[in-house]
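With chain A's structure known, arrange chain B on it following the hints.
Protein chains in written order, with the working numbering: chain A, 1204 to 1582; chain B, 544 to 617.
Quick caveat, the hints were computed from the structure, so don't treat them as lab data.
What you were told as hints is all true, and nothing was included just to trick you.
When the alpha-carbon atoms are kept at most 25 angstroms apart in a straight line, the in silico DMTMM-like pairs for lysine to aspartate or glutamate are as follows:
#1 A:1334 with B:598
#2 A:1277 with B:584
#3 A:1526 with B:578
#4 A:1512 with B:598
#5 A:1279 with B:584
#6 A:1277 with B:594
#7 B:569 with A:1288
#8 A:1540 with B:598
#9 A:1241 with B:578
#10 A:1257 with B:598
#11 A:1273 with B:598
#12 A:1512 with B:578
#13 A:1464 with B:578
#14 A:1242 with B:578
#15 A:1289 with B:572
#16 A:1241 with B:584
#17 A:1226 with B:598
#18 A:1257 with A:1570
#19 B:569 with A:1316
One side only, chain A facing chain B, incomplete, derived with CB under 7 angstroms:
#20 1219
#21 1223
#22 1236
#23 1319
#24 1321
#25 1377
#26 1379
#27 1426
#28 1428
#29 1434
#30 1440
#31 1442
#32 1458
#33 1501
#34 1575
None of the values given here were measured: they were computed from a predicted structure.
Backbone N, C-alpha and C define an ideal beta-carbon position, used for all residues, glycine too.
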Amino acid sequence: MMCVAGAAVLPDDRADLFWSSYKGGGMDITGESVLVRKKFSENFALEANYFIDKVSGASIDVLSQASVIKDERKQKTLSLDYIHDKTQYNLSYTNSTERDYISNTTHFSLSQDMFGDLTTVTLGFTDSRNKVGENNGGTNTPKIEWLGHATSRSYEGGLSQILTKNLIAGATVEIITDQGLLSNPYRSIRYLVDPSINPLGYALGSQVYPNTHTSTAAEVRAKYYLPYRAAASVSYRYFSDTWGIRANTIELGYTQPVSNKWIFEGRLRHYSQNSATFYSDLFPFANSQNFEARDQNLAALTNNTIDGKVTWAFAPSGFLIFKRATASFDVTRIQFKYGDFRNIKDFNVTPAGGGYQPGTEPLYGFDAMVYQVYISMFF
Amino acid sequence: MRKSAMLAVVGAGLLLGACSIQPWVKPYERDRLADPIMAWDRDAISAGYLDHIYESREGSRGATGTAGGGCGCN
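The following block holds chain A by itself, in its conformation from the complex (with noise of 0.2 angstroms):
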């Protein structure tokens, strides 16, 4: 581009620590982080981020195999940037391990601004490899079977745009196929079989998945800066795939400052997406059909997500080395209700389970609580 100059700058260098919780549907999982990130010069900025995951209970769908789980995931990225007048260059690496999953991802993307800084297009590619097994032994004797291999390539397209003084807008498209063992191993079907067999009238049954998945993920966003100092967002998403699911996300931000110490945040998501087209939560008979999961991340389902967010600049004017230094504690609230996932934990045809028929047992949903709290020095 050979237009007006004011190149591209890189954000400022910053430290963050930051601790996690997740409790809902029978999961506790407590998070652990810390990021650094540091120019070394106008051009170059090095990103490392090391997060740990602690997972103690189990989903629904695990569950009601009686199994318990313990495990941790660790993740590691690191991820370098690169400008170079009005194009920014992003390169990172990142591998996330747990006992029973390895992934290993490389992401490659750049960034142009152009038409006066008003308009900036990156693109992306990102590929995934990554090593899937299951954990057949105990919580703290595990005894991991690696089951096979899932290859992911993402491509990805957005566009950000400044509209007016107080407006900016955004669009990103991003396509992803996967190859590989795709379905997850400690979630069944279950069919339909004789009291005779089973007195609860059902049996469960190893998931089969297509080898393949392709989707689209298409979002537009603007966000609208209100004459009073403060900001207001709005993002759409549609997601389709070649699994016949459908979804669609909804999301509004609010943003509020008070003076130079404060930064009051909240944000309001829906979602909903219908079930893939081999889901079922009860299939007639054993292998009725060619492909069949029972995986509550494949049935119709909505959440709804509230989350608040206070940040407080502790050290506006700066300590030491840093410039500045904020604390930040984040609640979010999120509820799920399942259109064709049972409870099949809780309830069953036996009188303590209520009597309900194997097919008939109440919709599952659950509430989960997220806590977040971390400090950011900037320096």
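Okay, now just chain B, sitting in the frame of chain A:
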């Protein structure tokens, strides 16, 4: 052939257009847009963490601007 010729014309038009388009929001008028409250995601760890929560529990994924790994199988 016809398609690639059309693409070349459109591409050339965009490149030339970039020079002729005058920014209707001047650099000195972008102080509000540069305010940190106007950033899409101010905190990368938090945004990535929430995306991982949603991706592990929903059938959909992508177009959120954050990348991560892992399965969230349990």
